[in-house]
Amino acid sequence: MKDYLVIVESPAKAKTIERYLGKKYEVKASMGHVIDLPKSQMAVNVEENYKPKYITIRGKGDVLKDLRKSAKKAKKVYLAADPDREGEAIAWHLAHALNVDEDSQCRVVFNEITKDAIKESFKNPRTIDINLVDAQQARRVLDRLVGYNISPLLWKKVKRGLSAGRVQSVAMKMIIDREKEINNFEPEEYWTIEAEFEKDKTVFEGSFYGLDGKKQNLKQESEVKEIINKLDKQFSTDKVTKRERKRNPAQPFITSSLQQEAARKLNFRARKTMMVAQQLYEGIDLGRKAGGITGLITYMRTDSTRLSDTAKTEAHDYIVENYGEEYLGKSKPQKNKEGAQDAHEAIRPTSINRDPKSLKDSLTRDQYRLYKLIWERTLSSQMAPAVMDTMTVHLMNNGIEFRATGSKIKFKGFMKVYIEGTDDNKKVEDKMLPNLTEGMIVDSKEIIPNQHFTQPPPRYTEARLVRTMEELGIGRPSTYAPTLDTIQRRGYVTLDNKRFIPTELGTIVTELVQEFFPEIIDVEFTAKMEDDLDSIEEGKRNWVTIIDDFYQDFHKRLEIAEKEMEKIEIKDEPAGIDCEECGHEMVYKMGRYGKFLACSNFPDCRNTKPILKEIGVKCPKCKEGNVVERKSKKRRTFYGCDQFPDCDFVSWDKPIARPCPKCDSLLVEKKSKKGTQVQCTDCDYKEEVQS
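Oh and the sequence shown: position 620 is 624 in the working numbering, straight run, nothing missing.
The hints are simulated quantities; they were obtained by calculation from the structure and are not laboratory data.
C-beta: ideal position from N, C-alpha, C; glycine also.
A portion of the hints provided could be inaccurate.
What the hints assert, rightly or not - Ranges of calculated distance between the beta carbons of each label pair, as one might list FRET restraints:
(1) P15 / E190: 16 to 24 Å
(2) D289 / D557: 47 to 55 Å
(3) D576 / P453: 13 to 21 Å
(4) E185 / D289: 30 to 38 Å
Unchecked claim - Straight-line Cα separation of at most 27 Å, DSSO-like style, residue types lysine-lysine; simulated pairs:
(5) K316 / K123
(6) K123 / K43
(7) K593 / K163
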């Protein structure tokens, strides 16, 4: 019989932790929550201080029975759920269900699943933090009061299956507001003048800056022509400025920055990033010689950029040994963003000495790529700044000023390991200028005027939306991925080129919420509510008071909405084709995975068809059908024959309408970060990357 029972959330962790703790410990998994609010009802008693009604989750009865049996035999029970609000609530529910005194030293938390971290956590058990529990409980109750009151109203007035939530409604409003900006945008004309210069057989580029020492924006072609007519072929270098500029490394990952960077560099959705990160945190089997199942990263739900002294020391030693002393960054305090809870560390490898290359054979492709990203970001954060030599040249011609800038990486520093991605995919590269000094004469090879029009703001990608929500204080690390997932599953948005476009349904729901529940959708109100909920965690506010302050006004608005919200009928859009089974008109309908075609004679006729987009290519397999664009269940674009299931041709890469000039096989477009490359599917023929 074991002396101690340890309860964790995931079975993946249980075996590893049991091995670290030894024979006296039995480690079992609760499989997440065992006790929660029922899904079928709101389960919040407003009359009794918003008391939640908890039940044993359906299907978890046997799990709880087994845990009770083991708890009765054990001398002591340790509750080791995840180190966050959710984990604290799970521990609190388990304590009550297993008759464990919540005021006893029963709670252990660890930020990483390594032998040292586990053993240290069991040396320092603590009581359950009731403030964390209350903070989690307040969020659950608030979300129930909002979702379980507004959603049934939407079912009644619009259609069944709709939902409105505290954070998702604000996210939808942001997406819709951006769409309105784009639709209302009026482009404005502007011009630039580029020039090619040559000095000592070196060609370099410059741009028009202004007149008589003052910057000037060019709005009309007449202004451009007037300037070009004044220019001679020769320019003089009026001023040459040389500087040394330092660029600091990015801080270690927090939840939101990991989701953003994984989207930019790995093309991961937020949900996928968190799923793969969870696997790396819970442990990967590295083989017996490497220590068996081992947690490779620290806990992945965090808003702290702090690294432990141990992690810093390990990183510093690695940098000196592998790159040299000059690559080591000066130790300085790492600043968390304002309002960060700093409950645990940044997301980092549990050991920097486990470099990605050494683990490649033990990891799946996705695990390897995400681990590599986390490893490189952590290591680079402890490295020296990059040093750039920059040069700016002021070129004058009859009072008209052009400027040319160049830069050269003098010392790579952290850039030797990692460079943070950007939304516009700009790369850091050398842009050299010849060795110019003041008073030199430089020839202009070509003067090129360019007409432009201002562009509307871009639609939100997942990464950009997460970043904006974080900047505005909406949501918390654990909410970003579920929020983005929900608005897509409900059919409130579609994705076009990885950018969110609101659907008619999403717009209708958001406008109704905005009309009758303006505070739910107000950014400032939502951000303040997040701060209020955080204050419960800090022990500064009572959770019932915060909920009551919100509910009193919300309940009045709910009564008004019940009476005044008009019923909206969403009409199906005619598709312009007839059903081949019954002859009635086909219509567009919105389903879980986006729009599809359905017969208007439903339910008498249940014919449905996917919406197919032809790309102008004959099927290379059956030679009769046409290749069409399709969507997988995960909304990924692929290409297949429109004669499916008679023809099973499929391709992730887009086929093009000409054969390979070398072997006459199918050519496809291969997309990469550099652009699009045309490749043959049967031989080594390739065409140069097209911009």
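Comparing the hints with the structure gives:
no.: 1; hint: P15 / E190: 16 to 24 Å; verdict: violated, 58 Å
no.: 2; hint: D289 / D557: 47 to 55 Å; verdict: holds, 53 Å
no.: 3; hint: D576 / P453: 13 to 21 Å; verdict: violated, 51 Å
no.: 4; hint: E185 / D289: 30 to 38 Å; verdict: violated, 50 Å
no.: 5; hint: K316 / K123; verdict: holds, 21 Å
no.: 6; hint: K123 / K43; verdict: violated, 38 Å
no.: 7; hint: K593 / K163; verdict: holds, 13 Å
Violated hints, listed in ascending order, are 1, 3, 4, 6; each of the other numbered hints is respected by the structure.
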